[in-house]
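Visitor: One letter stands for each residue in the lines below.
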Amino acid sequence: MNTTIMLFLLQDGITNGAIYALLGLALVLVFAVTRVILIPQGEFVTFGALSYAVLATGKVPGTAWLALAMGAAAFALDLFDARRSLRLKRILRSLALNIALPAAILALTYGLAGPRTPIAVNIALSLLIVAAIGLFLYRIAFQPLAHTSVLVLLIASVGCHLALQGLGLVFFGAEGLRGPALSSAALTIGPLRFTGQSLAVYGLTIAFIVALWLFFGFTLMGKALRATAVNRLGARLVGIRTTLSGQIAFLLASLIGAISGILIVPITTLYYDTGFLIGLKGFIAAIIGGLVSYPLTAVAALIVGSVEAFSSFYASNFKEVIVFTLILPVLVLRSLAAPAVEEEKD
Amino acid sequence: MSALLSVSDAHVSYGKVEAVRSVSLDVADNEIVTIIGANGAGKTTLLNAIMGVLPLKGTTAFAGMDMAALDIEDRVAAGLSLVPEHRELFGTMNVEDNLLLGAFRIPKATAAQSFERVYALFPRLKERRKQLAGTLSGGEQQMLAMGRALMGAPKLLMLDEPSLGLAPIIVADIFRTIGELRAAGVSVLLIEQNAQAALKIADRAYVMELGEFILSGSASDIASNQRVAASYLGFQHEGASEI
Amino acid sequence: MKQRTPLLIFALVMAAIPFIPGIPPFWIVLLNNIGLAALVAMGLVLLTGVGGLTSFGQAAFCGFGAYTTAVLTTAYGVSPWLTLPLSLLVSGIAAVLLGIITVRLSGHYLPLGTIAWGIGLFYLFSKLEFLGRNDGISGIPPLSIGNFRMLDPGTIYFAIWIGVLVSALLTMNLLDSRTGRAIRALRRGHIAGEAFGVQTPRAKLLVFVYAAVLAGLSGWLYAHFQRAANPTPFGAHAGIEYLFIAVVGGAGYVWGAVLGAGIVVILKEILQSYLPYVFGGQSQLETIVFGILLVVLLQLAPTGVWPWLTARLPLKPARKEPDTSLPLAKRERAPASAGTLLQIEKARKQFGGVIAVNDVSFDVQAREIVALIGPNGAGKSTTFNLITGVLTTTGGTISVLGHKVDNAPPQEVVKLGVARTFQHVKLVPDMTVLENVAIGAHLRGSSGAISSMFRLDRADEAKLLAEAARQIERVGLGDQIDQLAGSLSLGQQRIVEIARALCVDPLLLLLDEPAAGLRHMEKQRLAALLRQLRDGGMSVLLVEHDMGFVMDLADRVVVLDFGTKIAEGTPAAIKTNPDVIKAYLGATA
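Protein chains in written order, with numbering that gives the first Met the number 0: chain V, 0 to 345; chain X, 0 to 242; chain R, 0 to 588.
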């Protein structure tokens, strides 16, 4: 085998794997805290990427309006929930979060969008928009279902995916888009050429993993999130709002999704429905990580990325088949190592 | 005297089954009140409903506030705390983090004092502060659950079967600590199957059967009541059994 | 036969529909689609709703069914009727292969695993040359009987709906049987079923294959209805939709599958045909609305429409009145000698570095009540799990009647006559007391899935239910026999567990905290029952915290602390044992 090709494929695999790792981490996070298996993670990726690409052309993406519409729905739900005891403070707080915030983001987007807007501003706007969507998505779709089974949450998650993917088509059309690179720098080591883009992918992935580790290990809020994941009732009994934990988890997940999207859209053309497949591969990494372990998920993601790169070279027709059946041996191993005793809780 | 906690005409249902029927109770400042009764009488249900874990029909007031519109987290912030039957600890986190999260709703500066107070009450927890909660013994887990609840500096601590599954010898320790809480200005609402031990430390008691209170009064009166002695205490006294 | 009346009416109505004058042919197409979806969803009802195994991959099994007949009829000219069994066989074999891997997974791995292989298979269908890649296979011959060819939707309609009705009937028969109870117990975890001899992996595989075969049937019908097969209807989205159908209708109800299929198929049709008018031709809008409706529906009715509907109808399920005079043969077993029943020697269990049971030895003689006491975490329940084979020992030996059982699976231990109850009640809450208790008699019946589906199991079944009813009477819960187990108080549920254990016809009864949750009088009644059982020749090993109860009842007491046996003796000796007082009872007891 040609070493150069191998190195090249490996590099490609690691770059993709890093993205899958980010998405896998977000999936693990959301699942642990809310028990939601976040199928629409892929839509966060496309929304982030394509909003950024549209902003780069100087236009305002439809997602900014979507954020406002979802905020309005969230506000309506808040009002409905509080109908028995309408307190001004509570309503004002809800108004600020659900209406004023997305309206401000929309206004900001209209104010700043233009052909000569700096890349950093476009990135910030895309992230703001998608983060707001993630936050409201939790409020609208999942908070009312928080007490139901994982299965019901999973199906609701699929519903969100369908709706958001459809909206993606409305906003961005069926044509694929590419965004401008974050930096044009490049570095050559031996036969390998590292673009600024791929370096940014590595850097941000590592930064995110470190940041998550710091957040969960050392901050009160991070510990509160972990506590919610370990024992929901216990968390409520010390006064941790599970809705707050859920919002934070969704906020982080949507941010991570959007960043992943922005990182890859300069490398490959993204379509409104590409996110689903990308999300699913992060998903495979998350499953391999057992939906609990962050480091294992990150390692698994790198493996998924590499397998994908190699199989697209040697058996490009069966690339997806190979990637998705990769999970079977892992599941077999997991089931062999499965503990004999079931948990006493249901 | 205005009560710290006052519940009147409370009903709690699971679907069609009414587990608690028309129950009224109050707890004053610096008071230890116990509810005794067989397992399944509705004691745990009642406590969970007061905490907001289950929906309650009727009125509950705490520290002069109507609690109907408050959810669990608001009640915690108001100074109500529950140590549930299954303890609900954060098993994969260490003792210190469990306690830290107990102080989630109070300012950071106060939390430092809470740590001192809890470690003074339960020196064992200080020794084990880096150990994972899930690896503690049953007695230590109960201490941690109580410690975590006390971290939030509650006005009223509700304890659900603190002696459950513990060696009788550790139970004595736990009850001694409950007695000490009064001195620290914490009121206690205690649910126990071990009626004998509960009546020893309580000021007042309610007896619950099939979802209703059938008796109430000072702990000493209840302890000397014929019916209570026959159904709840008789069996606990060894040698007193008639079968 | 009362149960069958609604089914008969439904069948007649469905048969009459195509003959309604002036009915638009398009409606028949819709009904065909509903029937096809209902078949797959029915499999999911059994798999997910009843068995608790969530699968997103059912569409792939439709694919196996459809492609099998497509390839065989077009490339090899095989008759469609011959390909029917082959299609079902291929789906079934695929399910066995995937099932062996997947059904062993617990919790969320299973649905996630099914998503993954579902997508993998979809790509496989769309890449394989002999399956026509993305274009698929067209020109599939229609079904025909003699010269009558089912070319139009109105004729294959009958084939589809006969398939649906027969499948529904067989599925309901299966659920109402010995095998059915084992399947219904799966959702609550494997331990309870296995303690009574249910081979859970086999039961799981059975429902998995059953669901796949129903999907395969749907795929076969689809291929001959559309006369073509391509990968799209067998992809991830279709798999998700089938699950959605089952949940909307009410996962857990056979008719929920049909109702759910009706709701979803019609809803999609309405959205596809009317939305473009409302919104001026925007494409993809139906996906958006469909997705939103899905979430809204779940928020309004998370348990599905069918249970919501039946709760509002005056239909009451037919009550089963077991004939308690039917005798059930005793289990074959070694003669009950007056020797040692259970012998535990230096049993040891380590979890990682923690020693839960530390070289514990004791025995239980015939006709003896032995109590195991100690604080929570002392290793009492772990000891129970070692005896009953739920856990394997790290060291030492455990033998029942001289047979070594350490490391034998639970299904083997129960065959020796060891029956148990659980500290955390493990009943199926939405099954009646009678059905729950009948699980205890699982090993005393022999009817399998096939005979249950065709109702050849009735004689066997009546005997099992009679035995269950007798044991329920014996523990004094005769009045609650038809109630759902979940509606009883926790104390009564513990008694139901005792009745279930008695159905084993055991030599040794292991009771984990049987008196918890009982009131004074009930405890006395329980003690009397246990004494009566002992006097009838049974032995009892029980874990209990109520010292009054234990000291009064037990012949011998074994005390555990931190996994180690610290004392053993008569109640009187234990009460005065200084070690026990120091470590456990304290001075006040």
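Careful, some of the hints might be misleading.
Simulated restraints on C-beta separations [what the hints assert, rightly or not]:
(1) R:R311 x X:A183: 46 to 56 Å
(2) V:L78 x R:I269: 41 to 51 Å
(3) X:K125 x R:L299: 23 to 33 Å
Residues of chain R placed beyond 10 Å of chain X at every Cβ, according to the derived structure [to be verified]:
(4) V353
(5) G373
(6) G475
(7) L584
Bear in mind the hints are in silico, worked out from the structure with no lab data behind them. All residues carry an ideal CB built from backbone N, CA and C; glycine is no exception.
Visitor: Would you assess whether R:G475, listed as outside the interface, keeps its beta-carbon beyond 10 Å of every beta-carbon in chain X?
Guide: 16 Å, holds
Visitor: Honestly, do R:R311 and X:A183 meet the 46 to 56 Å range at C-beta?
Guide: 55 Å, holds
Visitor: R:V353 clear of chain X by more than 10 Å, beta carbon to beta carbon?
Guide: 7 Å, violated
Visitor: Non-interface claim for R:L584: all C-beta distances to chain X beyond 10 Å?
Guide: 5 Å, violated
Visitor: When you take the CB atoms of V:L78 and R:I269, is the distance between them in 41 to 51 Å?
Guide: For R:I269 against V:L78, whose Cβ atoms are near 30 Å apart, the range 41 to 51 Å is violated.
Visitor: A cut-off of 10 Å on Cβ-Cβ distance, and R:G373 was said to be off the interface with chain X. Does that hold?
Guide: At about 7 Å from chain X, R:G373 fails to clear the 10 Å cut-off, so the statement is violated.
Visitor: Using the C-beta atoms of X:K125 and R:L299, is the stated range 23 to 33 Å upheld?
Guide: 51 Å, violated
Consistency with the previously given hints fails for numbers 2, 3, 4, 5 and 7, ordered from lowest to highest.
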